[in-house]
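Sequence order for the protein chains is F and X.
Numbering-wise (my numbering), the first sequence opens with residue 1 and increments by one.
Numbering-wise (my numbering), the second sequence opens with residue 203 and increments by one.
Simulated from the structure, these hints should not be mistaken for laboratory data.
Hints are all accurate, no fakes.
Footprint (simulated), chain F over chain X, 3 or more residues, beta carbon under 8 Å: (1) 243–252; (2) 272–279; (3) 283–289.
Here a beta-carbon is modelled for each residue, glycine too, at the ideal position from N, C-alpha and C.
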Amino acid sequence: MPAYKLTYFNARGRAEPIRLLFAAAGIKYEDVRIEGADWPALKPKTPMGYLPILEVDGATLCESTAIARFVAKRAGLVGKDDLQQAKADMIDDGMKDILRKLILMVLEKDEIKKEELKTDISEKTLPEFLSKYENLANPSGFFVGDSLSWVDVTFYNLIERVRAMFPGDHLKGKPNLVKVMANVKANPGIAKWVKERPESAF
Amino acid sequence: MPAYKLTYFNVRGRGELIRLLFAAGEIPYEDVRIESDNWPELKPKTPMGQVPILEVDGEVICQSMAIARFVAREAGLLGKTHLDQARADMLLDGGIDVGKLFEEMVMEKDASKKAEKKKEFGEKTLPPFLALYEGFAGDNGYFVGYSLTWSDIAFFNMMDFITAEFPSALDGYCNLTKVIKIVKRVPGIAKWLKERPITDN
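With the rest of the complex left out, here is chain X (with noise of 0.2 Å):
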């Protein structure tokens, strides 16, 4: 049984998806989190100077996809066909303009530059991503096939980050609504929930 080992800052940011896959694959892992002061000693040893790294095997992995869907692997919810995967790979990637667009108006610092791209964002940019991927999410609440896998979870990480600051967005949204529910009550995220660290991001 090999041993994990996370780093990341005391963020759910780029970490998060990788900590809920670990807990719904009942998977035990380190789960370290360092203070900003401590990061300019550990950037050079990082692969590309990033984090979250994972160490497994006495490798490290950095990119926080590569390591999500790692540990999706380990943990059962890649997708039991290479078309099912791959089809995995595609709603999550197509989730990533999305996210990033979400991200920037999160980050941005000028008061009215942020109500203009919370606006923008909320009226133009997440109904028709929301439309499409309900269509994609089965009315029997999985993106792919019919059991759960790594991709429902990232849509609920992603929506989780995003309900705060819209909260009604799944509003009217059925089959997104399942994949939620069905997200969190699976036993190790219900329970990772409760436990998790609180933080702003």
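Here chain F stands alone, though its shape is the one from the complex (with noise of 0.2 Å):
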């Protein structure tokens, strides 16, 4: 019996990163997807009204960036010190602009304001945060000192949500990155659950 119990929406959504640091350190957990027409009923038993949600030890936690660094603490994915745990938190927290900008042009109704976002985004946000975090990560493809942390895993989700938006090579002339993006993949556990995962529109 699983001591995690994650409850989200059918979707990758703001869960995924979640669902792949459970992956990458091989932690069975309840994956609870429910359905638009029961979330009015849960709602209000959620601790600030919105999801995703992990019960565990008898607590109920939400906010998926506190939920994924607990994940990663349980995973022995946080980094070694704590200046490693600032950096790894400093990297994950650098991704929000860029996130939020993504979230505002997905949900932007005029058409005429949703294309100006996305050139936006192309043409100024995405190549100035993939160069600057070009810098922040090593060689060897890690952010956090020389092996895998939660904020290599919690790029390689973001990239995957922008190619899915912005079709093309980004990460051209990008070793490092490059090299993030190829460590994710090849942990065992990430490799099989991006197989397996439901498939869902977002």
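Starting from two chains that each stand alone, build the complex the way the hints lay out.
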């Protein structure tokens, strides 16, 4: 009986980094996916009225980054000392801006505004972000130290989302980032999960 | 004993939580405040083109929350177990949207838009958030377990900004008022609040 129960919608969305981390560490968990119709009944039972939530040791956690960091700690994927942990936190926090812009673009209903946002991302935000992160990753393909940490995994997830919306070889000329992606994909737990995970629209 | 050097503008803004945590832990640090004129020269030397940055042990860390979490750990204010730490993280993250809306309201230059945003924030955004967090705060005045963690200090910092615009925001919220009282009485913080430079934001 797994000690971890993750609840989210049937989507990758904000839960996927958590699922990838469980997979990377080979930790068993219950991957609960609810239907939209079931959400109103569940909502008041969540700490802050949104998903994902993680139930563990009698407690319920929300906030996807807080959950991801917690799972990373349990999985030994946080970095070996406090400075490495801080570096990992910094790397993950730095991804939030572009993620926010992607979400705003996806949610934008006005077609003209949407195109503007899209262009801004593909011509400005994304290249700037990738340049910065190429310098932050090391040549062996890790953001922190010399082994896989949770932020290599969240970076991989972000790039997969970006590629779905903006097809193209964005990592051309960025060998460190190419290596990060390869390292994450080579993790046996992640490779298996990516093959077997349920298909979903986003 | 590592040397800590924090660099930010001469404002509270995204640096103040870090400064409060250094103060709470009574950890000495260099509190560098740069002028906007000096920023263009410093910017390319930072990891992501932003401040605050913290220099420690030859490393440079950016992202205010990453730095804050690091200092909280050094100060013993992270939370005792992984679960406590995750709870503190969750409470902090849960306040981010509200913090952003407040910031947008404060930065709004158009006077009538600002008045609208202020009304919306005070009537629609803030009350449900405070009601939710009143439930999270224990009646002993701590958000996590039975002792001070950085989530108490972060809440204090956020309300320090908000009560400047909405002075009676915490009226009627007993647990939250207790959190604020306890944070203000932490010796290092009491001292810092008396001595810190006065800035508009």
